[in-house]
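Chain residues, written in single-letter form:
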Amino acid sequence: MSANHSDPSEPRRLTDQEIIQVHDHAGEETVDDGGSYKLLPLVMLAALSSLIFFGGTYIGLYAGHFAPTVHDERGTASAVVITKVDPAVIGKKKYELLCTTCHGPAGMGTPGLFPPLAKSEWVVATDEKLIRILLNGLAGPVTVDGKEFGAAAGAVAMPAIGPGGAGWNDSDIAAVATYIRQAFGNTAPEISTEKVTEIRTKVGTRGAWSSAELQALK
Amino acid sequence: MSSPSQAIVSESDKTARVPLVLLLVSAFGWLIVSTVLSLIGTIQLHTPTFLASCVAFTHGRVDAMQESAFIYGWAGNAAFAVSLWLLSVLGGTPLRGLGLLTTGAAFWNLGVTAGVVSIAAGEATSIPFLQMPGYIQPLLFVAAGAITTPAVLAWTGRSSDSTYASQWYAVAAIFLFPWLFSAAQVMLLAAPVHGITHAIVANWFGQNVITLWLLPVAVAAAYYLVPKLTGRAAAHYEFAKLGFWSLIVFGAWTGGRHLIGGPAPVWVSTVAVVALYLLLFHYLVVAINLPAGLFAWNGSATLRFVAFGLTAYLVNGLADVITSTHAVSQLLHFTYFSVAQSKLLLGGAFSFLIFAAVYEMGPRISGAKWPAPGLIGTHFVVAASGTLVTVLGLAFAGWSQGHAQAETANNFAAVAAAAKPGLLIATAGEAILLGAAIIAFFHLVRLQLESFSTASSSRETPAPSAP
Chain A
3 MSANHSDPSE PRRLTDQEII QVHDHAGEET VDDGGSYKLL PLVMLAALSS LIFFGGTYIG
63 LYAGHFAPTV HDERGTASAV VITKVDPAVI GKKKYELLCT TCHGPAGMGT PGLFPPLAKS
123 EWVVATDEKL IRILLNGLAG PVTVDGKEFG AAAGAVAMPA IGPGGAGWND SDIAAVATYI
183 RQAFGNTAPE ISTEKVTEIR TKVGTRGAWS SAELQALK
Chain B
1101 MSSPSQAIVS ESDKTARVPL VLLLVSAFGW LIVSTVLSLI GTIQLHTPTF LASCVAFTHG
1161 RVDAMQESAF IYGWAGNAAF AVSLWLLSVL GGTPLRGLGL LTTGAAFWNL GVTAGVVSIA
1221 AGEATSIPFL QMPGYIQPLL FVAAGAITTP AVLAWTGRSS DSTYASQWYA VAAIFLFPWL
1281 FSAAQVMLLA APVHGITHAI VANWFGQNVI TLWLLPVAVA AAYYLVPKLT GRAAAHYEFA
1341 KLGFWSLIVF GAWTGGRHLI GGPAPVWVST VAVVALYLLL FHYLVVAINL PAGLFAWNGS
1401 ATLRFVAFGL TAYLVNGLAD VITSTHAVSQ LLHFTYFSVA QSKLLLGGAF SFLIFAAVYE
1461 MGPRISGAKW PAPGLIGTHF VVAASGTLVT VLGLAFAGWS QGHAQAETAN NFAAVAAAAK
1521 PGLLIATAGE AILLGAAIIA FFHLVRLQLE SFSTASSSRE TPAPSAP
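Residue numbers (the working numbering), protein chains in the order written: chain A, 3 to 220; chain B, 1101 to 1567.
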């Protein structure tokens, strides 16, 4: 059986040199003769221009102004603000990491040993005392909601969780303080990082507070 | 009048026979290997216990071996052979540096073999398109250099100042591959970059191996074969240059599309999506230039391969744009649908255009006719049906998988069950493709055996083909 190339119904094949020659002068006959535009070049120009226009618009809308921190196609430039996380959410995580050991998941504490946070005047009444306890800890007996705590143990009951203790930063302390003021049925206002920073700077480095020292504060 | 098929068998075609046949036979051999691995991998997707007790053939390794065998074994060898041959015949110059070429081709295939075996031994890098271990890669790079040097010589030593589109695409592929390959080897393996940059570079490389290396060779073949086989010049050829540059310039930016919804800065994927849109211009030019007389179904089987390959190429360009839009991407990204797209592009567009080129160059480098011309048509029917069944099966699987995943109530087993019917269809398609690969390999080997007997008999009598 012969190769189907020699089939007379087959179109004539171009030689390699012919392929180069017939294409070499392509386009030359499309010179603007008589001032009339050929339609196709205009169509191609329109096609390329509209693709480029579309692409430019798309980049303008969805490239997040080439900012390395934008990961969402729909995040337009003005919406690219770092969303503030609810401090109570961070505070809850922090609370569950450390505080829950003594104060319990529901903030109820242990009778006679660890005071409750729910309905505690130390938590809700004043931010000055609460922040100090968190920063530096609290030693010795303390009265909460009319009940005595820590008298038998006599040792430091509440450890410091500030830089001198567990090493939390100001925003974490503010977050956990905000959380315990708004959880367990408490409804006190939130505590700002700035307030924690202010008190930490004022107090400086020191050991745990006693109940009497804190009561002496205004 | 002498038959045109005799006139085109010229001496200059046959000089590079040994290295070109070495590349082609290796390529078709690797195609069988990769199709077998692909079949195993697809079976494992719906029947996870298949070969699960054999550690070398667990799914992760099979997948990496299949990719390496396909890209570097089949596609790489074939792309080298076709681009070398096109630059030689269109440059009107025999290939020079044949010793270098043969050595390079031998070491390239040794390297790929060692790479695939070491993946089976568990040494895969886990970087897409660069799965072969780092100690193999430099060998492949040097071998690629040896293989492409004759192509550069054929380009610089061309007999005419005028050039044709096929030459641009082939030369671009020859020059861009070493850039991609060396940059990827350094930035991903030798001195790896860290964090998300690694993923960005890996996707840049993986996409551009296809867009800037393999596809330009396939397009070069199409630009050569259409005028050659239809006897007509490319329509509106004056736009071909724009089509070429739009592929090179915009194509290089498309890698980030794999990072849609990923952890990279959003501009990386947005720019890639825009580049995909701009590539539509390239597809438009190719679509205007080439289809003249392409769909004459009474034409040769070789022309049918070109028609199928070009159609797959254009359909894939549109599919890329559609699947990169936000709504569609949310549904289909990370599903079998992207596997279907890559099958359509590599198994449909690239492979079919390369098959067509091989059916044209095979007789001309061997000095003999295809021993069973009817087999070319058979190969087309089997390969086309296998590709369609596989692509549609995977697309169906991906579609079902995407919808199943979108339901938060569905657990993993429910999603896997939803994809199973499509995967069973794809398995059937892979089995058909294995048949196609075996037919093509068998025919190519028979052509070589035939030409040896022709050569030995023509020593006694003058070759009938010499004009």
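Hint data in this document are derived by calculation from the structure and do not stem from the laboratory.
Any given hint could be a false lead.
To be verified - Below 20 Å or equal to it, Euclidean Cα-Cα: the simulated EDC-like pairs (lysine to aspartate or glutamate) are:
1) K1341/B / E20/A
2) K121/A / D147/A
3) K94/A / E75/A
4) K94/A / D26/A
5) K121/A / E192/A
6) K1341/B / D26/A
Structure-based check of all given hints:
no. : hint            : in the structure
1   : K1341/B / E20/A : 19 Å, holds
2   : K121/A / D147/A : 7 Å, holds
3   : K94/A / E75/A   : 31 Å, violated
4   : K94/A / D26/A   : 75 Å, violated
5   : K121/A / E192/A : 16 Å, holds
6   : K1341/B / D26/A : 12 Å, holds
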